[in-house]
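Visitor: Sequence:
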Amino acid sequence: MAGRGNNDAQRARQQAERARRYAARTAWHEGRTRRRARDNVIASIAGGVLVVAAIASQAIHAQATAPAPEPSPTSTTEPTSTTEPTDGVTPTPTPTGTPPSAE
Numbered sequence: 007m008a009g010r011g012n013n014d015a016q017r018a019r020q021q022a023e024r025a026r027r028y029a030a031r032t033a034w035h036e037g038r039t040r041r042r043a044r045d046n047v048i049a050s051i052a053g054g055v056l057v058v059a060a061i062a063s064q065a066i067h068a069q070a071t072a073p074a075p076e077p078s079p080t081s082t083t084e085p086t087s088t089t090e091p092t093d094g095v096t097p098t099p100t101p102t103g104t105p106p107s108a109e
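Numbering (my numbering), first residue to last: 7 to 109.
Please note that a few of the clues may not be correct.
[As the list claims (entries may be wrong)] Taking CB as the label site, the calculated pair distances span:
1. Ser-78 to Val-47: 32 to 40 Å
2. Arg-26 to Val-47: 53 to 61 Å
3. Arg-26 to Gly-53: 50 to 58 Å
4. Ala-29 to Gly-53: 53 to 61 Å
5. Arg-42 to Gln-64: 29 to 37 Å
6. Arg-42 to Ile-66: 32 to 40 Å
7. Arg-31 to Ala-52: 30 to 38 Å
8. His-67 to Ala-29: 54 to 62 Å
To be clear, the hints were calculated from the coordinates, so they are not data collected in a lab.
Since the structure is predicted, the reported quantities are computational estimates derived from the model, not experimental observations.
Glycine included, each C-beta is placed from N, C-alpha and C at the ideal position.
Please model the complete structure; the sequences and the hints are all you need to start from.
Guide: Right, dumping it as structure tokens:
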């Protein structure tokens with residue numbers, strides 16, 4: 007009968023060892039799940055910041071490299087006053103030798 011009692015103790019030790027390993031695996035799996043979720047949040051935030059930075063960089067670059075052209079002063083010619091009176095008749099253009107084709 008002494009052997010039977012020893013067998014029960016061995017069985018209890020094995021069961022305790024299995025329970026310990028199961029608890030360790032469960033804790034490890036839950037830790038991995040939390041780490042993956044945390045990593046996904048961090049990656050999403052970093053990606054969003056990267057996209058916003060790229061858009062801001064392009065906007066700043068576009069403003070810095072292509073400023074609006076500034077108008078440059080040009081010389082204006084003043085009309086000359088004629089001393090001869092005009093009769094209000096405009097000169098007619100002289101005709102050329104060939105009429106334009108009607109194509």
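Visitor: Does each hint hold? Answer for all of them.
Guide: Against the structure, the hints:
1. The supplied range of 32 to 40 Å is broken by Ser-78 and Val-47, whose beta-carbon atoms lie about 55 Å from each other.
2. For the pair Arg-26 and Val-47, the beta carbons lie near 32 Å from each other, so the given range of 53 to 61 Å is not met.
3. In this structure, Arg-26 and Gly-53 break the distance hint of 50 to 58 Å, their C-beta atoms being roughly 41 Å apart.
4. Against the hinted window of 53 to 61 Å, the Cβ-Cβ separation of Ala-29 and Gly-53 comes to about 36 Å, which falls outside the hint.
5. Between Arg-42 and Gln-64 the beta carbon distance is about 33 Å. The supplied range of 29 to 37 Å therefore holds.
6. Between Arg-42 and Ile-66 the Cβ separation comes to about 36 Å, which falls inside the hinted range of 32 to 40 Å.
7. Checked against the hint of 30 to 38 Å, the pair Arg-31 and Ala-52 passes, with Cβ atoms roughly 31 Å apart.
8. Take His-67 and Ala-29: their Cβ atoms lie about 56 Å apart, and the range 54 to 62 Å holds.
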